[in-house]
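Chemist: Just so you know, we're using the working numbering here: the first sequence kicks off at 1 and counts up by one.
Hints are computed from structural coordinates only; laboratory data are not their basis. C-beta atoms are modelled at their ideal positions from N, C-alpha and C, and glycine is treated no differently. Don't take every hint at face value.
Stated by the list, open to error - Here are the simulated distance ranges between beta carbons: (1) Q20 / K85: 19 to 29 Å; (2) H99 / S9: 37 to 47 Å; (3) S9 / V98: 16 to 26 Å; (4) R52 / D82: 11 to 21 Å; (5) P62 / H99: 27 to 37 Å; (6) A84 / A63: 14 to 24 Å; (7) S9 / G100: 17 to 27 Å; (8) S9 / E88: 30 to 40 Å; (9) Q20 / C96: 15 to 25 Å.
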Amino acid sequence: MTISWTKESYFEQVWSFVRQVPEGKVVTYGQIAQTLPDPPVPDTGEMVSAARLVGSAMAASPADVPWHRVINAQGRVSNRADAAKQLELLEAEGLCFVHGRIDLPEHLWHDTNQIAPPKQHQLF
DNA sequence: CGCTTGACCGGAA
DNA sequence: ATTCCGGCCAAGC
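Whole structure, please, built from the sequences with the hints as guidance.
Modeler: Set out below in structure tokens:
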């Protein structure tokens, strides 16, 4: 059986992914959710909900995980209490913030041999 | 065991 | 640009 994919399992995967994120790079919750090899949900729809699980995982992420490199699909930091702090950390890593926003595809990091770059074109 | 909240996403008003 | 709504799942109370 298998199973399981308990929260521990999923969280581990999320943390593992985030830990691989190099400096100056960022990943979105949805990106992680879609990249994970064994998502909790089969595929009823999209990774929309899975992204939320990623957020939960981040909430419990240990100090080994650069949670500050994880941002939302909007190219901005999440609505967390230390959002400003996260911004500092990110810009300190060489990220170019524009209006509190960054070029997602520009700094988006993707794991090699997993998925292809989203190549999402921004629409102002 | 049930309701509320959440570090989300995407689309529509 | 902002605000609201629906969706999906898990953790917390």
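Chemist: Against each hint, give a clear statement of whether it holds in the structure.
Modeler: We went through each hint and held it up to the structure:
Between Q20 and K85 the beta carbons are some 22 Å apart, a value that agrees with the proposed interval 19 to 29 Å. The beta-carbon spacing between H99 and S9, approximately 38 Å, falls within the hinted interval of 37 to 47 Å. S9 and V98 have their C-beta atoms about 37 Å apart, which leaves the hinted 16 to 26 Å range violated. Hint check: R52 to D82, Cβ distance near 19 Å, so the stated range 11 to 21 Å holds.
As the Cβ distance of P62 to H99 is approximately 32 Å, the hint placing it in 27 to 37 Å holds. At roughly 20 Å, the beta carbons of A84 and A63 sit within the given window of 14 to 24 Å. Roughly 34 Å separates the CB atoms of S9 and G100, a value that falls outside the hinted 17 to 27 Å. The beta-carbon spacing between S9 and E88, approximately 32 Å, falls within the hinted interval of 30 to 40 Å.
The supplied range of 15 to 25 Å is met by Q20 and C96, whose beta-carbon atoms lie about 22 Å from each other.
When held up to the earlier numbered hints, the structure conflicts with 3 and 7 and fits the remainder.
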